[in-house]
Each structure stands twice: as C-alpha cells, then as structure tokens.
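Peer 1: What follows is the residue order along each chain.
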Amino acid sequence: MTDKKADRKLRIGFIPLVDATALLVAADGGFTGQEGLDVELVREVSWSNVRDKLNLGLFDAAHLLAPVAVASSLGIGHVRVPIITPFNLGINGNSITVSPKLYADLAAAADGNIADPAVSGRALARLVAERKKSSAEPYTFGMTFPFSHHNYQLRFWMAAAGIDPDEDVRLVVLPPPYMVDSLASGHVDCFCVGAPWNSVAVDLGVGRILHFGCDIQSRVTEKVFAVRERWANENPDALAALIRALAAAAAYVEDRQNLDAVCAIVAKRLDVTPEIVSRTITGVLKVATDGTTRASNRYILIGRNNAMRPDPVQAAWIYAQMVRWAQTPFSGELLSLAQAVFRGDLFDAAIGAAPSPNGSEPVDGIGAFAGPRFSPNDIAEHLAAWRPRRSERPRLSIVR
Amino acid sequence: MQRRHSGTFGLGETRKGSEPPGQGILPRPSDSNLKIAIVDESPIRAAILEDGLREAGFTLVERITETRNLLARVYAMDPDVILIDLESPSRDELEQMFQVSRVVKRPIAMFVDQSDTASIQASVDAGVSAYIVGNLQKDRIKTILDLCISRFNAFSRLQGELEEAKDALAERKVIDRAKGVLMKAKQLSEEEAYTLLRKTAMNEKKKIAEIAQSVVTAAELFK
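Line by line, the protein sequences give chains A and B.
Numbering-wise (our numbering), the first sequence opens with residue 434 and increments by one.
Numbering-wise (our numbering), the second sequence opens with residue 9 and increments by one.
In isolation and in its complexed conformation, chain A is listed as follows (with noise of 0.2 Å):
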C-alpha cells in the first residue's frame, strides 16, 4: 500500500538548534531521499509557530520541544491538537550558562564543588537571601518556552535548594537568539537554553558554562519528531519512512568518520561554524572564555544509549513537571493522555528491532541529581516530596 509518501512534498519545520541534527542530516545527507521521501525543511523562528502551523496542517512534522508536544495534546495553554512522536530527535543537550559576575559569586559563596548542582544550588540560594534582605532586585533567568525542559530543568536546580522559582527570582521566556545578548547587556544574569548559544555566549566572553543539562537530570528527552496523530494515521508509510530515515540519519551521525560532514550539514542550516557543532555533538565543550573545557558523553545522545526510542516514562516525567509547577492539574486520565504522546511502538514497527537495554542508563529513567527516584505509576507520591509550602498561589510571575 503507498499512501501519499512519495507523491507529495513532505513539509517539516525546525528551530536552527543543533539537537535538529538527527532531522537535518536525515534530509540534507540523503537519508529521506533513499525512502524515497521529497522533504522540504522549514526553519522557523519560534516555538510558537512550530506549534500552530503543526498543528494546522501547515507543516506535516516538526522538530519539537518533547513537553509542547504533551501541552499541545493534553490542551494546556492552547487549543488541542493531539500531537504524537514516534522519533526522539535528542536526549538532553543544554546547558546552563550564568554571566561571569554571578559565576564568581556563586564561586564565593560556594561550600564545595560548584560543578555539583546541589553546591551550585546552595550557593546560589545564599545570594538570593542575600538580595532578598538588601531588597535588591532579584535574579532573572532566561529560558526558551514554558513548555520546555530549559524552564523545567532550571526549577529543579532551584528548587533543590530551597529556592522559589516563582517567587524569589524572575523567570523569563526568551527566544535562544535573543539570549547571548540579554546576558551581555545584564537583562538576564543566567540561561538555560540548547546549542549552540551556550557557547556562543562563552565565545564571546559574556557567559560561563555553569552546569551541564545532564548534571540536573541524566536523562530526559529534549527535542522529539512531531507529527498530528491524525498525519500518522492518514501516512502510515511516509511515517515509517521517515523513522527508518531518521533513524539512518541518527546512527550516522554517531559514527565518528562522519563528524565533519555532519557538522558541515548543522552548520549550514544553522548559520555557525561547524566547530561550534562538533563541541556538541561531541560532548567537548569550551566552558569558559580562557579555554576551559569539560567532556561528557551524556551531553547529548542521538543515535546511541536508546535515545531514539520515544520512552512513555518520560512523558510521565514531563507532565510530572507540568503538574508540580501549576501548569495543570493532576489527573490519571491526563497522565495516560501524556505517555500516549510518545508512541514507541510506531519506532518499534518501523525499525523493527527489540530496544536493547543499556546498562549505563538511569535506573529511573530519568536520573535527576535530587529528590526521589522517579516512578510513573506514583506520580502524586513523587511531587509530594517536593511539596512546597503554598499551592492555591499563581505561578510563573514575569515581570513585576
């Protein structure tokens, strides 16, 4: 049966970010065209538009930010549109990165290793106190969408130790372009944004790399492949084709051999060096403007330790966090809605391989540096432990 895989151009909107990579190699290296598959990629500027002309039928896939695809089928913050991925485009891949005055603060106020996100925590809830009673303005933190892991990931840092996100800093929404500069000019003392603006902003003197997305949580699914469930439904075919491409595109970008034309490809359609793409890709990041590095192999996974299989615990992870910052209530019906988002079964049907275990993965899944093991079935039980003292107060305050 063909439905309409290779008698249409298939239209698939991104964000220049390097954690597209898996997408854009699979269209630009070649991988579509072998499935036979006439892709045209859409770059976009916002998260916003990815959403809506997702789910107007303008693009037939996207690459997506994995908790908008559960917002958008779950109704929160705007209309329904069921929204599934079959496909995690990247596990991980942020950073957060803080302007070189509060590093050296929070290097002060520090009762050990900052590179330990508890240390760092702690430090940096001395120096809220210490605003607080000054009553000097508060800190402000940039992140990319209310629906992302930059805005979740910063909380639970936060949060950990004993900090309010919403009521002893500011935390606010900004589009990654716009990030660098809003450190640079002080608007913003810190970030949590995906690659390349952690070290765009390290390049340029105005930034540190602070801790690494992996240092908050060893694993959690940071871009998915989005399609309207109804599109999956409808093109059977070209959706599997567009995994096996996908997931060609993933293994190859693994390999080594293949980083320079990888990077080349990135670069490219991202407008920067293929240098700063292979810090990424990589896991070896210049860290601080004198040349500091520091490596990690969780940085960000594509096609290796399981990343490309949609994981339903990390839907459950995702609408954990949604209902711990207010942005939706706590149901069981809506917690199923969520893990029906990632769909890896359709991965399953199109690559047609058994996942293989990996034992160097999270036992949880997730493997959040504090706080309880996380358990999907046990949702209420895990937010209990981080109960604040308040629950009926609005969240997520801007400006004041």
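No lab work stands behind these hints: they were computed from the structure.
Careful, some of the hints might be misleading.
Claimed, not checked - Derived SDA-like pairs (lysine to any residue); straight-line CA-CA distance at most 25 Å:
no., chain 1, residue 1, chain 2, residue 2
1, B, K207, B, V182
2, A, K565, B, N77
3, B, K181, B, N211
4, B, K150, A, R513
5, A, K442, B, S164
6, B, K150, A, L489
7, A, K442, B, A126
8, A, K442, B, G168
9, A, K565, B, L79
10, A, K719, A, N546
11, B, K150, A, G508
12, A, K566, A, D614
13, A, K534, B, N77
Said to hold, decoys possible - Chain B stretches covered by chain A per the calculated footprint, using a threshold of three residues with CB under 8 Å from any CB of chain A:
no., region
14, 91-102
15, 128-140
16, 183-189
Ideal Cβ placement from N, Cα and C applies to all residues, glycine included.
Based on these hints, arrange chain B on the given structure of chain A.
Peer 2: Only chain B this time, still in chain A's reference frame:
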C-alpha cells in the same frame, strides 16, 4: 492553580458575563477606544497595518518596535488586542502570558476559534497572530484579524512586486553593460549586440541576464 484561559476554546462562551477587572462599572468599550498593540519588526508593514486600523475606526493603536523586554512594554500599555508578526521570535515571549498570574490584570488568550480554522490558517499564512486581552467579543476581534490578514497579504504582494522591479532593473543594467562591452569589442551596433546576447541565451538555455553577466565578468577579467 493554573487559570486556564479557555478563551482558546471559543471566546464567546467562556468569557460571557465576566467583566474585565477594574472596568466593571464602565460600559463596554466601543471600537474607538479599543487599545491595540502592534508588534512588528517591519516598520513599514506596522505603519500600513496601523493606518488600516485607524481607517476602520480604531483610534488607540500603538506600535511596539523595540522588542527588548517586550512583556514589560505590553503590560505598561495594557492593550485589549496584541497583533504580532510571525517573523518575530518574540512571539514566544508573549506565549508566556497564557501562564501568567498576578502581573497581568486581565486574562490573555491567543485568538483561536475552533469553529473557524480557516481564518486562523489564513492569518498564519499571512504571517500574523492575534492575542486577546480581557473580554472581547468574537466578532470584533474577527474584524481586526481580517483586516490584519488583508494588510499583511497586501504588504507581501507589494514586497514581491518591489523585489521583481528591483531584479528587472538590475537585469536591465547588466544587459546594457554587456551590450556596451560587445559593441566595443566586436564593433557591433546596439541592436546586433542585443541579438547576439539573445541568441546565445537561447542556445545555452539561459536567461539573457545570465549571459550578460558572464560577458561583464569576462570583460572585467580581461581588463
């Protein structure tokens, strides 16, 4: 608790009855005192849109051209409707307002009317998005949105025509220069030079302007 501004699911129903805070005793604002904010990185398009809205009787129209600290600017202005172009990355900043709490005096929603996907699609196609602050009747925002769509489309048409005109002008210039080169080098009349360019273009299945450009480039190399 999240306040789900479910205006996103059909404004008419969910908003009915609730008065905008602070305006409870006032009569419903008429179009002339409806405050509209335009966030557009293209100053020309913003001006075109503003003109259109004024002509349609909306007098309180303000353009926000500086997107730094956008939310603070929006709050300071406290508009009833926010129109933003889709080319602006700042759109994501506005999305944060769906979540917002104490700072926003009035609920905000994106204008999404599920009964009328076509007009939303038309607006996204045209490159504009509308956000509604507080209570606003569906038909009134529809008027504004329709106006946006037509002005945005008119703008891109104009821009397209301008680009074409520019291209045509540039092509004419390069063809004139190539003719000059050929006339001098081969002792041809202007007409003969043009004929030669056209013939070559036909033989090589290229545009005359492309051949002309090669002639000009070659001439520069031989200088």
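Peer 1: Hint by hint, say whether it matches the structure.
Peer 2: Status of the hints after comparison with the structure:
no. : hint               : verdict
1   : B:K207 with B:V182 : holds (17 Å)
2   : A:K565 with B:N77  : holds (23 Å)
3   : B:K181 with B:N211 : holds (22 Å)
4   : B:K150 with A:R513 : holds (21 Å)
5   : A:K442 with B:S164 : holds (24 Å)
6   : B:K150 with A:L489 : holds (18 Å)
7   : A:K442 with B:A126 : holds (22 Å)
8   : A:K442 with B:G168 : holds (24 Å)
9   : A:K565 with B:L79  : holds (23 Å)
10  : A:K719 with A:N546 : holds (19 Å)
11  : B:K150 with A:G508 : holds (23 Å)
12  : A:K566 with A:D614 : violated (29 Å)
13  : A:K534 with B:N77  : holds (21 Å)
14  : 91-102             : holds (count 9)
15  : 128-140            : holds (count 5)
16  : 183-189            : violated (count 0)
In summary, the numbered hints that this structure violates are 12 and 16.
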